[in-house]
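Undergrad: If you read the protein sequences in the order shown, they are chains A and B.
Take 8 as the starting number for the first sequence in the numbering used here and just add one per residue.
Take 785 as the starting number for the second sequence in the numbering used here and just add one per residue.
Calculated from the structure, these hints are not laboratory results.
A portion of the hints provided could be inaccurate.
[To be verified] DSS-like, lysine-lysine: derived pairs with alpha carbons at most 30 Å apart:
{"#": "1", "chain 1": "A", "residue 1": "291", "chain 2": "A", "residue 2": "194"}
{"#": "2", "chain 1": "A", "residue 1": "37", "chain 2": "B", "residue 2": "1047"}
{"#": "3", "chain 1": "A", "residue 1": "28", "chain 2": "B", "residue 2": "1047"}
{"#": "4", "chain 1": "B", "residue 1": "1047", "chain 2": "A", "residue 2": "27"}
Because the structure is a prediction, the values reported are computed rather than measured.
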Amino acid sequence: MTTEPVVEFEDLRRSFTVRKKVGRLRRQTKVVHAVDGISASIQPGEAVGYIGANGAGKSTTIKMLTGILVPSSGRVRTCGYDPVPQRRRLAREIGVVFGQRSQLWWDLPLRDSFRILGAIHRLPTEEVTVRTEQLIDHLGLADLLDTPVRQLSLGERMRGEVAAALVHRPRLLVLDEPTIGLDMISKERLRHFLIAERAECGTTLLLTTHDMGDIERLCDRVLVIDRGRLVFDGTLSSMAERVALQRVLVVDLPEPSPDLQVSAAAHIGSDLDGQRQRLAFSPKETTAARVLAEVTAVTEVVDLTLEEPAIEDIVRTLYGVG
Amino acid sequence: MAELSTGEVYRILLGSRIRSQLAYRTSFWLNVATSVGIGLVEFIEIYAIFSNVAVFGGLNLRQSALVFALGNMGFALADTIFGQLDTIPSYLRMGRLEVLLARPMPLLLQLVTSEVQLRRLGRLAVGVVILIIVLPGLDLSYTAGTAYLLAVTPFVGAAIYGAFFAMAGGLQFFLIDGPEFTSAFVYGGAYAGQLPGSVLITPIRILFTFVFPATVTAYLPSLLIMGLPGPRFLPAWLGWFAPVFAVWAWLLAWLAWRAGIRKFTGAGG
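Could you build all of it, start to finish, from the sequences and the hints given here?
TA: Dropping the structure here:
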């Protein structure tokens, strides 16, 4: 096995020229630096979370490393290839899921999408069948195989998308916002699958997300990008040392109540005279279930929500500190 | 295990598209009927001209019908295979092109195989029927040459019109709201190709022969088949070189397409 990095950026930059109409005839051009000097490398088998606010440069980076966009300057190598000139060869080594953009055939059953993708990757039919069976089994897609993709729910479709990206057993799996819009159960299902898949095949994972839950469950390393620059590159635990990755459990009580005192969590606020209360806890020390159990021991809970730490807050903290 | 051959890849891709179209029989046949209708309406246009004049661009109705039939067959074939390229603007708008680019198959082939519209063959049927009707009345001397031209012209024509679709497709990357442009370019070219080339004014005639070789798809081979001389700047013998014109058209198409992709990937036009 080579120990060559799967992804390598060296002072990677990409700028766009944006033309704006000023007055009747004059046009102003402005250069926007979407990615502004990123250097990093990802080793085989790593699972890397790539986070940042909207417009921070995540998608631009992903387009460059998948060969869809040429860098303005700097260097990028993916699986040992120069992505844009060697795009089609690279495509056989990577699997990409662009969150909102489906790669499945809308009007065909899921089964056919897998077959077609296998053909596009020139995989022998028997190999596609074996691999598809495996993915279907692991992702719980068996009952959906004959349903046209347009009739699937978002969660079902997303599982289909991830399976589609893995048909050709890529070395690198790039997921761009894979859990956006999914309910908790669908999210967990997908995460479970990705953990198992990586344990089995050793696939390198690069994931962009707005959901810290994805990062905590799936990634051992985090890259944080802000306005085109890398503001953090390190393990999740070293990030947790610098940023409080606290969850907030919001509980609605039947009637106005005094501030709740819970051992595992800190009370951080009350609304509506204490009818809605906010409890912050660290997921490393306890779980939402334990905090909730403590609350229900003293009062009834009408409704509850769990707030994840916002990426924007994390970036702001890192930027302030670093 | 061995890799799939290119032939098998396309068999699987096209097979799935064809199956999905045939899944809804009624709608499929309605679409075929519409396609036949379009072909007929176009022919009626030619027919209408001849209800006012006896000779149009040096050809009579029967002779013009031969040009129309051959041109129409070529265009119908091209439309079936390459017609999907006019959806590029919607791919661009919805950001779906990225998905296609992340796959190990040339973009043009992915777009072409994404939707092969069998219903457009309805139009081909119109061309074939007209050809069968007019041929006996033309009093042709059937030589190896005429047989060759009759057999090959629709396919060479399809190649040339296909190149038009690809050229227009490449230019879509530079245009906002490109569908109108594609229509003007491709259907304009097809229209020019189905008329006797002699009715086009000289600059247009030259443009649609030596730059965008529309007159080569039907008019010039038809002149050869009927043993007629060509008009100014358009000698009939050029018809023998139709495959060369097809290669030229695809060269232009390749350049336009490559420029389009380079624009999209930000590699410079």
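Undergrad: So which of those numbered hints doesn't the model satisfy?
TA: No numbers; nothing is violated.
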